[in-house]
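Chains A and B, in that order, give the protein sequences. Residue numbering for the first sequence follows our numbering, beginning at 1 and increasing consecutively. Residue numbering for the second sequence follows our numbering, beginning at 1 and increasing consecutively.
Because identical chains cannot be distinguished in the list, a pair is counted as satisfied if it fits within a single copy or across any two copies.
Here are the simulated BS3-like cross-link-like pairs (lysine-lysine), alpha carbons at most 25 Å apart as the crow flies: (1) 253 with 198; (2) 253 with 232; (3) 198 with 232; (4) 254 with 171; (5) 275 with 200; (6) 198 with 254; (7) 24 with 153; (8) 200 with 235; (9) 275 with 130; (10) 171 with 198; (11) 235 with 175; (12) 175 with 198; (13) 136 with 198; (14) 149 with 134; (15) 50 with 24.
It is worth saying that the hints were derived from the structure and are not from the lab. All values derive from a computational prediction rather than experimental measurement.
Protein chains: 2
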Amino acid sequence: MNVFVIGTGLIGGSLALDIQEAFKDAVIFGIDKDEEALEHAKELNIIHKKASLSDLSIADIVIISIPVDISIAIISEVLDIVTDSCLVLDVGSTKEKICNAIENHPKRRNFLATHPIAGTEFSGPKAALKNLYKGKTNIICEVEKTAFKLQEKALEIFSKLGMRIRYMDAKSHDKHIAYVSHLSHISSFMLGKTVIEKEKNERDIFDMAGSGFTSTVRLAKSSPDMWTPIFKQNKENVIETLDEYIQNLLQFKKLMEEDNFSEIYTEMENTNYIKQILNGIKEVKLQ
Amino acid sequence: MNVFVIGTGLIGGSLALDIQEAFKDAVIFGIDKDEEALEHAKELNIIHKKASLSDLSIADIVIISIPVDISIAIISEVLDIVTDSCLVLDVGSTKEKICNAIENHPKRRNFLATHPIAGTEFSGPKAALKNLYKGKTNIICEVEKTAFKLQEKALEIFSKLGMRIRYMDAKSHDKHIAYVSHLSHISSFMLGKTVIEKEKNERDIFDMAGSGFTSTVRLAKSSPDMWTPIFKQNKENVIETLDEYIQNLLQFKKLMEEDNFSEIYTEMENTNYIKQILNGIKEVKLQ
Numbered sequence: 001m002n003v004f005v006i007g008t009g010l011i012g013g014s015l016a017l018d019i020q021e022a023f024k025d026a027v028i029f030g031i032d033k034d035e036e037a038l039e040h041a042k043e044l045n046i047i048h049k050k051a052s053l054s055d056l057s058i059a060d061i062v063i064i065s066i067p068v069d070i071s072i073a074i075i076s077e078v079l080d081i082v083t084d085s086c087l088v089l090d091v092g093s094t095k096e097k098i099c100n101a102i103e104n105h106p107k108r109r110n111f112l113a114t115h116p117i118a119g120t121e122f123s124g125p126k127a128a129l130k131n132l133y134k135g136k137t138n139i140i141c142e143v144e145k146t147a148f149k150l151q152e153k154a155l156e157i158f159s160k161l162g163m164r165i166r167y168m169d170a171k172s173h174d175k176h177i178a179y180v181s182h183l184s185h186i187s188s189f190m191l192g193k194t195v196i197e198k199e200k201n202e203r204d205i206f207d208m209a210g211s212g213f214t215s216t217v218r219l220a221k222s223s224p225d226m227w228t229p230i231f232k233q234n235k236e237n238v239i240e241t242l243d244e245y246i247q248n249l250l251q252f253k254k255l256m257e258e259d260n261f262s263e264i265y266t267e268m269e270n271t272n273y274i275k276q277i278l279n280g281i282k283e284v285k286l287q
Numbered sequence: 001m002n003v004f005v006i007g008t009g010l011i012g013g014s015l016a017l018d019i020q021e022a023f024k025d026a027v028i029f030g031i032d033k034d035e036e037a038l039e040h041a042k043e044l045n046i047i048h049k050k051a052s053l054s055d056l057s058i059a060d061i062v063i064i065s066i067p068v069d070i071s072i073a074i075i076s077e078v079l080d081i082v083t084d085s086c087l088v089l090d091v092g093s094t095k096e097k098i099c100n101a102i103e104n105h106p107k108r109r110n111f112l113a114t115h116p117i118a119g120t121e122f123s124g125p126k127a128a129l130k131n132l133y134k135g136k137t138n139i140i141c142e143v144e145k146t147a148f149k150l151q152e153k154a155l156e157i158f159s160k161l162g163m164r165i166r167y168m169d170a171k172s173h174d175k176h177i178a179y180v181s182h183l184s185h186i187s188s189f190m191l192g193k194t195v196i197e198k199e200k201n202e203r204d205i206f207d208m209a210g211s212g213f214t215s216t217v218r219l220a221k222s223s224p225d226m227w228t229p230i231f232k233q234n235k236e237n238v239i240e241t242l243d244e245y246i247q248n249l250l251q252f253k254k255l256m257e258e259d260n261f262s263e264i265y266t267e268m269e270n271t272n273y274i275k276q277i278l279n280g281i282k283e284v285k286l287q
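Bound-form chain A, shown alone (with noise of 0.2 Å):
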């Protein structure tokens, strides 16, 4: 089995870590524009060959994990490319658009749209892990359109993954994912850069910093290269969301000014409500 995966950092790699494991005929052959992350994917075992794309005609099963607009670029190219019985995935964390850019190519039963909620701050292939998609959500969008042949195949490997499936289609992916995700990264890294701007000069303050801290900023972390194709794509809902945590903090800074403490009160408490969710969400995930 010959898997061919586009973009060997920390998505990429760490499925073709686990496919490795999983299946122990696959070939892992990978393909990065930056030919020292590539390097580095082979020094650490993440894939057995380097590659480029015109040898995607002697591919099995193609991933493409790299930031979301090039995803777009190259998807077309890719399937031009590759056989009829060659399935070819995408992991991105936009949906909408990737699906309109391929609607009619010829070979788009050959496509499936696919999203692996799991991820850490990091990037690179140094970043990859094993077991990374072990109990995670895989989110994916317009199935009907993938031949059934193939959408077995993406099961197959899901499954061995320990991924749970969940069936979605891509506009209500892309709303709800800029609910929670999207928006997370963005209150984090202003929240990075609130603290940056007034402490930058006192930088022994941020010792003070407790757990707290570092939980809520963990997401300023996060690659730009990745992060900005994705607010792009996904700019109607995103805007919409940071609209509505904007109010939210308005109005919040408001009871503060008003003395209006009681109500202060009542919002958090209505907020930890959170916690069933995140109960709920962990449960789901031990089914």
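Go by the hints and put chain B onto chain A.
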């Protein structure tokens, strides 16, 4: 050594557990207006005996670990009862108002204002943890106003619990902690609120949430009983940080609306500097 812990929850309870371990002669007395919590603290061996304020005359050390508004209300009363050789500590998250409140108390020299930067999003005696304070920073304010022998007593305890000490005036403490702690809590609460409001009728959307959301929203599980009085006591500083945070979010939104994604890239790249800062925190704490 008779140690009285007023408030036997996460912070006081964890201190009690470590003090028992480090000082074999310590007898831990618990005081809590919540009779059920006090009973739990006893069952969990966090305290040896239940007590009340009138017993404080036999105290060698009193630790006040209750919401900061209640601290201010009872600290004078505590100082009135204790002997001249007793050390009274508070461990609250705001320092200026409490220091001002007892500035002219005849037993001011028995009091030490501290803020151990440690905790979790949970509360109550069941949330108490051994070794919570190991390697953490403890900020001591207005140390010069505390009797030297009692400073020594406090430092011996903090040192045995593995804490790093930093000295700071109360005003600076409150200003900086607004950035590195209080703002994180508001950003997290409002993130939780925004997502719950939007998605409350779509419970199963939440299993689209990954570790990023879990991390940024974690502090929204925090106790309103603890946090409402903190925001109230640190109102001006908190409003200032909140203002700057909202301005940064508005500017980010504007950049998105103008399709200025190169500037968004730069903003995120600059904020990635938080990596070095967080690594710095880790290194300092390992020393």
